[in-house]
Amino acid sequence: MITRIELALKRGYTDAEANKIGASIRDLGIKSIEQVSFFRVFYLLGELGVQEQQRIAAELLADRVTDEFAIDSFVVRPHSGKAWSVEVTYNRGVTDLVAQTTFKGIQDLGISTVQEVKTARRYEFVGNLSEAEKELIAQKLLVNKVIEHVKNPDETLFFPALDPEFKIITVPLLGADDAELLRISRERDLFLNLIEMQTIQNHFRSLKREPTDIELEMLAQTWSEHCSHKTLTGRIEFEGESIDNLLKQTIFRVTKELNKPWCVSVFKDNAGIIKFDENYHICFKVETHNHPSAMEPYGGANTGIGGVIRDPLGTGLGAKPIINSDVFCFGPVDVPHSILPKGVLHPKRVMQGVVAGVRDYGNRMGIPTNNGAICFDERYIGNPLVYCGNVGLIPVDKCEKEIISGDWIVVVGGRTGRDGIHGATASSGELHSESEGTWSGAVQIGNPIVEKKLVDTLMQARDLGLYRAITDCGAGGLSSAVGELAKTSGAQVELDAVPLKYHGLSYMEIWISEAQERMVIFVAPEKLDTVLALFASEDVEATVIGKVTADKKIHLRYRGVQVGELQMDFLHDGMPKPVRRAQWQAPKIEEQGSSDPADLAPALHAILAAPNVCSKEWVIRQYDHEVQGGSVLKPLLGAENDGPGNASITRPLLNSYRAVVLSNGLNPKYGLIDPYHMASSAIDEAVRNIIAVGGSLDRIALLDNFCWGNTDKPDRLGSLVRAARACYDIAKIYGTPFISGKDSLNNEYQTDSGETIAIPPTLLISAIAVMEDARKAVSMDLKAAGNSIYAVGLTRKELGGSHYYEVLGLTSAAVPQVDGQRARRIFEAVSSAIQEDTVRACHDCSEGGLGVALAEMAFAGGLGAEVDLAAVPRSSDVRQNDWILFSESNSRFVCEVEADKKQEFEKCLSGCDFAEIGQVTAEPIFRATGLQGRLVVCENVLALKNSWQKTLKW
Amino acid sequence: MVERMKPRVLVLRAAGSNCDGETQFAFQHVGAQADLVHINRLLQGDIRLVDYQILAIPGGFTYGDDISAGKILANQLKYQLADQILAFHQSGKLIVGICNGFQVLVKAGMLPRVDTTAEQSVTLTFNDSGRFEDRWVELTANPKSVCVFTQEMPERVYFPVAHAEGKFVVQDSTVLAKLHENGQIVFRYCRPDGSEPTYPDNPNGSVDHIAGICDPTGRVLGLMPHPERHIDPTNHPQWTRRALRAEGDGVALFRNAVAYYA
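If you're matching them up, the sequences are chains A and B in order. Residue 204 in the numbering used here is what sits at position 204 of the first sequence, and the numbering runs on without skipping anything. Residue 116 in the numbering used here is what sits at position 116 of the second sequence, and the numbering runs on without skipping anything.
If you are wondering where the hints come from, they were derived from the structure by calculation, not from laboratory data. For every residue, glycine included, the Cβ atom is placed at its ideal position computed from N, Cα and C. One should not assume that every hint holds.
[Claimed, not checked] Keeping only pairs whose Cα atoms sit at most 20 Å apart, straight-line, the calculated DMTMM-like set for lysine to aspartate or glutamate is:
#1 B:Lys78 <-> A:Asp108
#2 A:Lys20 <-> B:Asp208
#3 A:Lys10 <-> B:Glu152
#4 B:Lys78 <-> B:Asp128
#5 A:Lys10 <-> B:Asp172
#6 A:Lys953 <-> B:Glu119
#7 A:Lys167 <-> A:Glu591
#8 A:Lys547 <-> A:Asp599
#9 A:Lys20 <-> B:Glu165
#10 A:Lys776 <-> B:Glu247
#11 B:Lys78 <-> A:Asp729
#12 A:Lys953 <-> B:Asp172
#13 A:Lys256 <-> A:Asp729
#14 A:Lys82 <-> A:Glu131
[Said to hold, decoys possible] Here are the simulated distance ranges between beta carbons:
#15 B:Glu181 <-> A:Met459: 26 to 34 Å
#16 A:Asp900 <-> B:Thr217: 52 to 60 Å
#17 B:Asn40 <-> A:Gln54: 24 to 32 Å
#18 A:Pro341 <-> B:Asp35: 52 to 60 Å
#19 A:Gly29 <-> B:Ala243: 49 to 57 Å
#20 A:Ala83 <-> B:Glu181: 40 to 48 Å
#21 A:Asp334 <-> B:Asp115: 50 to 58 Å
#22 A:Asp463 <-> B:Ala243: 35 to 43 Å
#23 B:Ala243 <-> A:Asp397: 58 to 66 Å
#24 B:Asp128 <-> A:Val50: 49 to 57 Å
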């Protein structure tokens, strides 16, 4: 039997879900809705008496104070007029977290007859809705058909447990011609090109047998762009030059040449490791989850953060996750629905889903999310970018793995389901309007509580020395994890031993599933019993699935039969190196001038309100940025806790003031002009944010994340070459090594008309630094009237890609550049000024330049500022007030200094471009005097703050 | 000798607890011995509550808060550990629940027990804003409260809240009247100048701006704000605007708990 229990908040309690849907319906332009009601629904499979049903409803599902419920009937909401009721439930096989928890809760009540639980949600709309409006509401607001559907009243919810008939599938490859090889690659979603298919064909010809499906799949996973980074490590023909392995020649090279003694492990494990103190190191990794987030924003972002947490967790013998970061690029949130290509979700819905996904996973894991950025551009409409980062803390003696044949291979954490099949290969291809249907298997929903339990248990097992190696199941699932970890030895895996979420998976699906929250550990035989007992004691599943061998082969078995066998050297080194062509040509951009208006306040308001500059408080507050108790500089700070911080500072060890500083730099608008200067500027921005809060240049490490269009196209790859070269040049001068990175190529979207939209070349630079004493930290809010304001660094006429030109609709090719040597001196000088306690506030100049920096400092401090633009250090061609105020030249800061510290501050800055430009005032007015001696800005800082806050105040 | 005087604190862990580390640190900071204990150890009897003096239920999202915040853990306490916990309380020992821990205590009927019944009479429901929010809040500590955790605490303290379901509501007005009458209201949200707040100073829409309550004995405390996140003076969001204080506002609460056993 099936029991249906429906619950709703009693009247008088705010129903946020109903209100949210109601508001979204009005956003769609539908005004006839009078009332929205929301109901939570539970279906229980199993024999239950009336009393048991009543107990489950009253003692488990309903809150005694706020909820009402109905068993096998509906909670009635009286209304006049026509009501439309819609029930939404998950598609078969999609993780239903609440159902799983409910199942446990029912057992805790001592009721054991319930076999399975499913949840749904019901909406009731009162109002005169046309059929077309109902369809619009259902499709745009209630259902994402990738994971859920409108439930039909007699639909089957529970299915009998059935396994497919076991049959080994071989793929006839030996006799295939080129067209046939390509057909096989396409039909099986392998994303392998002809040369790769031919290489596989030759390999199996030499073995004199046809490959099985699982062997082909494993090769496709391992050779995918996502796992192998073949484009950036292959050969590139660029402007008459042949580059063998671009990454090695730029990113890796700078790290090698800098040879910092505090770099512990770089570019070899799941995350880069640097020294923290004598007992601990820290590691940092940033990943992208773009394609899954485009299809299902909540699940995509959710598993993006869940996945990157497992990178430090799978580094060395496992790091404890201590900080999350997130950076997003979306389409403009105010675009009309009508212009969206088919199959594309509205950017606002993408953003809401992505933020909720990161929030729910990060908060439930108890990891502070305290650094990030959001960038909006029309070219991200079909291809949003979701970067998720995680910092981990690892004991110094737990950084190395040991692979020993005879050790048990144990999978720990979540179960394996059909989720995420083909994620690694899919993420290496372009999106198109059929994506949501064809790749529905690639959508995953995370279960943060399973991952939290996994972390808690693994940390104990690590400290007890219970395993010798660990890695995460990420893209490519067990196939990648075991294949990578046992690369130098070999492994035998019994696929039918892998615990499954439900019946029906084939041996091949088990091997390549990208189900979340799983890790693989290698355990010495004598430790196995202890490991299994420890995991059981924390309710975390741990299952032996195979053994490490010494024959350098991977053997896959199912129900006692071998279903696949591959040589490790062919799997990992057999891939033919691709050769790609690259070129770059500077775009033709008209050089336009601005009129230098007498009043610059309107422009300042417009820039502050621009989506890329405005307050992200709506997002930041939804993240727990204080959990773990070590927050020193928060993302929101100042007199009212709402100013924009430069970088976050966190103390991972509560009995120490040693701290981790985190920041990022991203400016795709510059990349459309010149990716070289975009990359230089991104590094400069990330670094100067760390300098601004009190970090020092000699302890900063960088991460690179390239998100690009289709690099099979020479112009896309050429722009990437330029960006990578800037990474080398600037990082070399700054002395800031790269310790980890990742690329996501093929971020293009094909519309129905066949037109291809590529994202702007987008390089995210994340910076991490170790700060010896967090009590030296400086925040960006102005502190006291009467203090002096200094501008540090040279302002040039660099308005290309600037927010000022954007709000005016003007263009210029003069993108901000970096003068590395000069910047380095400034960074060192500002650091020493902060170390000497001469700086009360410091803010970097970035989007919106000096004007925005000063305005933000003033309203964050609840104070005013009075500055003279004539005093600002600038190059001789800067002749207009608007250029001084809004140019986005790099390597600049604004500092607040107390009167009695001025001399010392100026001493620290000697040799740099700097000048005292004004003072802090008690009256909350921002006044700027122009070159002609007239006021060009005279504006109440609260009004400026209001402009800055209103855009994303949802 | 000194060791013996250290009260032992059991910081209860379950799937999804996540403020256990900083809660343990807060107790250690004021001289207690604090152990992180998984609920399975209590259920299986490997560890006994009776060997401890203070039970702390930390913040987090136990079991994902999937049905409602803290519900599954509350039912575990109510149906599987009721005897142990009742005996622990009746022997004069202390219990504190922070954030998710407060939600657990309320849903298990251990707070507020305005009259001796253990039936749930208040709850913590969805914030009026409809979403999770992390923000610092000004609080008044009620000097007339019977709560042992806040004795001689300064009347104004500053802690962060970080929750989606923190709106305190009561079953009916008699419960609220009893809470006042019994001195069970411990913390209330207020404006920076101490006056009556609106959103966001009252961050969730709690009735009567209530942020924390105790039972009639004063030995069971539950609160939504996180005192364990304001132990070090650098936790204060505006510490860079003023001289660094000697310690964070949260220390006093943990010190009072330890001092109770001195």
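Next on the checklist: Just to be careful, I want the Cα atoms of A:Lys20 and B:Asp208 compared with a cutoff of 20 Å; is the pair within it?
Outcome noted: violated (26 Å)
Checklist entry - In this structure, is the beta-carbon distance linking B:Asn40 and A:Gln54 contained in 24 to 32 Å? => result holds (29 Å)
Checklist entry - Under the criterion that the straight-line Cα-Cα distance not exceed 20 Å, is the pair A:Lys10, B:Asp172 satisfied? => result Holds, because 13 Å separates the two Cα atoms, which is no more than 20 Å.
Checklist entry - CA of B:Lys78 to CA of A:Asp108, is that 20 Å or under? => result Holds, because 10 Å separates the two Cα atoms, which is no more than 20 Å.
Checklist entry - Taken at face value, is the distance from the CA of A:Asp729 to the CA of A:Lys256 at most 20 Å? => result At roughly 13 Å apart (the allowed maximum being 20 Å), A:Asp729 and A:Lys256 satisfy the hint.
Checklist entry - In this structure, is the beta-carbon distance linking A:Pro341 and B:Asp35 contained in 52 to 60 Å? => result holds (57 Å)
Item to check | Beta-carbon spacing of A:Asp463 to B:Ala243 - inside the hinted bounds 35 to 43 Å or not | outcome: holds (39 Å)
Checklist entry - Within a Cα-Cα threshold of 20 Å, do A:Lys953 and B:Asp172 meet the stated pairing? => result violated (34 Å)
Item to check | Cβ distance range 52 to 60 Å for A:Asp900 and B:Thr217, holds or violated | outcome: About 55 Å separates the Cβ atoms of A:Asp900 and B:Thr217, which means 52 to 60 Å holds.
Checklist entry - Is the Cα-Cα distance between A:Lys10 and B:Glu152 20 Å or less? => result Given that 20 Å is the threshold and the Cα spacing comes to 40 Å, the pair is violated.
Checklist entry - When you check the alpha-carbon spacing of B:Lys78 and A:Asp729, does it fall within 20 Å? => result Outside the cut-off at roughly 63 Å; violated.
Next on the checklist: Can you confirm whether the C-alpha distance between A:Lys776 and B:Glu247 stays at or below 20 Å?
Outcome noted: holds (17 Å)
Against the hints set out earlier in the document, violations occur for numbers 2, 3, 4, 6, 7, 8, 11, 12, 15, 23, 24.
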